[in-house]
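Enquirer: Here is what each chain is made of, one letter per residue.
2 protein chains.
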Amino acid sequence: MTVAPLDACYLKITSNPNPSVPKPNNELVFGKTFTDHMLTVEWDIETGWGIPEIKPYGNLSLDPSCCVFHYAFELFEGMKAYRTKDNKISLFRPDMNMKRMNKSAERICLPSFDEEELIKLIGKLIEQDKHLVPEGEGYSLYIRPTMIGSSNGLGVSIPTKAMIFVILSPVGPYYKTGFKAVKLEATDYATRAWPGGCGDKKLGANYAPCILPQRQAASRGYQQNLWLFGPEKYVTEVGTMNVFFVFEDSKTGKKELVTAPLDGTILEGVTRASVLELARQNLNPSEWEVNERYCSIYEIAERSKKGELIEAFGSGTAAVVSPIKEIGWENEKIDIPLLAGEQSGALTKSVAAWISDIQYGRVQHKNWVRVVAEL
Amino acid sequence: MTVAPLDACYLKITSNPNPSVPKPNNELVFGKTFTDHMLTVEWDIETGWGIPEIKPYGNLSLDPSCCVFHYAFELFEGMKAYRTKDNKISLFRPDMNMKRMNKSAERICLPSFDEEELIKLIGKLIEQDKHLVPEGEGYSLYIRPTMIGSSNGLGVSIPTKAMIFVILSPVGPYYKTGFKAVKLEATDYATRAWPGGCGDKKLGANYAPCILPQRQAASRGYQQNLWLFGPEKYVTEVGTMNVFFVFEDSKTGKKELVTAPLDGTILEGVTRASVLELARQNLNPSEWEVNERYCSIYEIAERSKKGELIEAFGSGTAAVVSPIKEIGWENEKIDIPLLAGEQSGALTKSVAAWISDIQYGRVQHKNWVRVVAEL
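So the sequences go chain by chain: X and B.
For the record, in the first sequence the residue sitting at position 82 is 82 according to UniProt numbering, with numbers rising by one throughout.
For the record, in the second sequence the residue sitting at position 166 is 166 according to UniProt numbering, with numbers rising by one throughout.
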């Protein structure tokens, strides 16, 4: 028996009879406003992928015994489409998201799909709603591809039905006034991920348990928590982002950009990978080292005391880079310097510019940018 | 501002106009058939718990940005109602499930509720569908209280809306021919739960990642996997059940019933607690020890070689007790004896009888059994 692959050529489009007008940029709240259409494709273990449909944005109707409600058969991606100066709409490294989405699916026995076909379908969806892609630096269209198990029944077993849906949200900069450096509380009473677990996959299961430590950090005046791991108290991630530190050796003057290695406990961030690639390409190796290595909160505290901790930032699709100005750790406060009168350090600012220049088409990058629509 | 507590006195009932007739017992598949009605109650962070409703079983309609689909804001309970010889329908230790449900909710920032009120509401739901509670040893009504986050929007934050729903499934014995001893494969390449995680809570997040190791065990001829933890390779759970081992000291003849301690990585099973309580009450302490302690796969293999491993079983609401006859571990097979011509050891059989005698009302137990309907 053959099962059907995901195939964009069967796409069926039903237009929304009530097209919306774009909201003013200043009314956009992250992930709260959605466009007129959504993409859905259903899968069945016997027949494979069905007809992809673009249709008016609307509710999903599911049996209360559906496995997505009980056993967290769900995963997602976060991507963005950018409107360039010459009115093209382009995706940033969609191949990376699709690859990760298939890896997430494999980990929880949801179906795999042809990555290029889903990129094509997402392109068609964006084409349909292209008038709602906001214009301006820091504005973009957030794209949320999601896959859920949709078979009914309470036995804990492999889903026999699933669904991909994609929704689009016009968004502004994560912080309205550009960068705003955040304060983190280091968390060692809760653990985000573990070897042999699934913390490197973008599963719903990794997110709900993150809220309590975040909330507790917030109650003490911190915007986010910083996840530590193990007796060594290695720094792993910040909230739901990857995290980078910049050190400067006080003797040699040599600088180091550090992030946690992909050991199975770290989300394989697309922004993380992009920061590393751009840093390796743009920074002078006689002045800089770029390292994926373990780094403990003890090292960070110690190097801060020696004046060697010079920057820190989180990286993720939503905020791109998010500068860090302070870490609360036990009863200490680890201060992280910012440029005078600004909300980030020098490298953080450069990294943000390198990436946004590519995203908004001011710097051409053939492999990372894919145009999906023109206005 | 006061928010409304969950209150059963506001219950609104809408009867299903098409009541179903009970299926023959031999057609009941676990968690596949549901009764005519469901219970729903919605919650809002501003106003608290709304009107509880019993209404015809039917689909949930949710926005595709609903947080349950993206961040696994979901938890559940598994309970059973039993039909006794004198045609009463009773719940087994519902207070334990309600307490655990609130602990699960707290862990992922979903709302708490008055436990007695939800038991009352579940009782009313069962009353409504009491003609569908199957009769006979091993048959019961499986009850699935579920709570989901239901607010819309893609920001990872505390749900501002939630919903409890309860559905009912008439079920037969987990294995049609009574007990059937299972073979387990010990898993050390994947980890179910870890300190600082949430493996002790009944969250959806703990279940989807369990399927892959189960599937891999099945591909090698094992019905379930046995979860190990850490470099010590402590035995923690079997599939989605707690696990017990019985040892007999070859020198002293003293027996020991062992299960993993509640250290935050072990689901706080109601059946587990009941097995421990009944064993402590019914077994002669001069012959038996009942211990919650760490026990490694190395100890199990070693004691098997010495002939000291005499029984093993899983415990959970669905199967009650599930005898184990073999564990595959690296290239070894650890054999576990069964009674001649039977599918379990002697203690496993006794434990199953102790519990089912209480569940079916053959032995009275005031604190553990609550009658909710009469036929």
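Hints are supplied without guarantee of correctness; some may be wrong.
Chain copies aren't distinguished; within one or between two, either way the pair holds.
Claimed, not checked - Each computed DSS-like pair below joins lysine-lysine, with the alpha-carbon atoms no more than 30 angstroms apart:
1. LYS183 / LYS305
2. LYS23 / LYS161
3. LYS183 / LYS161
4. LYS333 / LYS32
Since the hints were made in silico from the structure, they are not lab data.
Enquirer: Indicate, hint by hint, whether the structure satisfies it.
Expert: These are the hints, each one checked on the structure:
no., hint, result
1, LYS183 / LYS305, "within (18 angstroms within a copy, 56 angstroms between copies)"
2, LYS23 / LYS161, "between (36 angstroms within a copy, 25 angstroms between copies)"
3, LYS183 / LYS161, "between (43 angstroms within a copy, 28 angstroms between copies)"
4, LYS333 / LYS32, "neither (34 angstroms within a copy, 55 angstroms between copies)"
Going through the hint list in order, the structure does not satisfy hint 4, though it satisfies all others.
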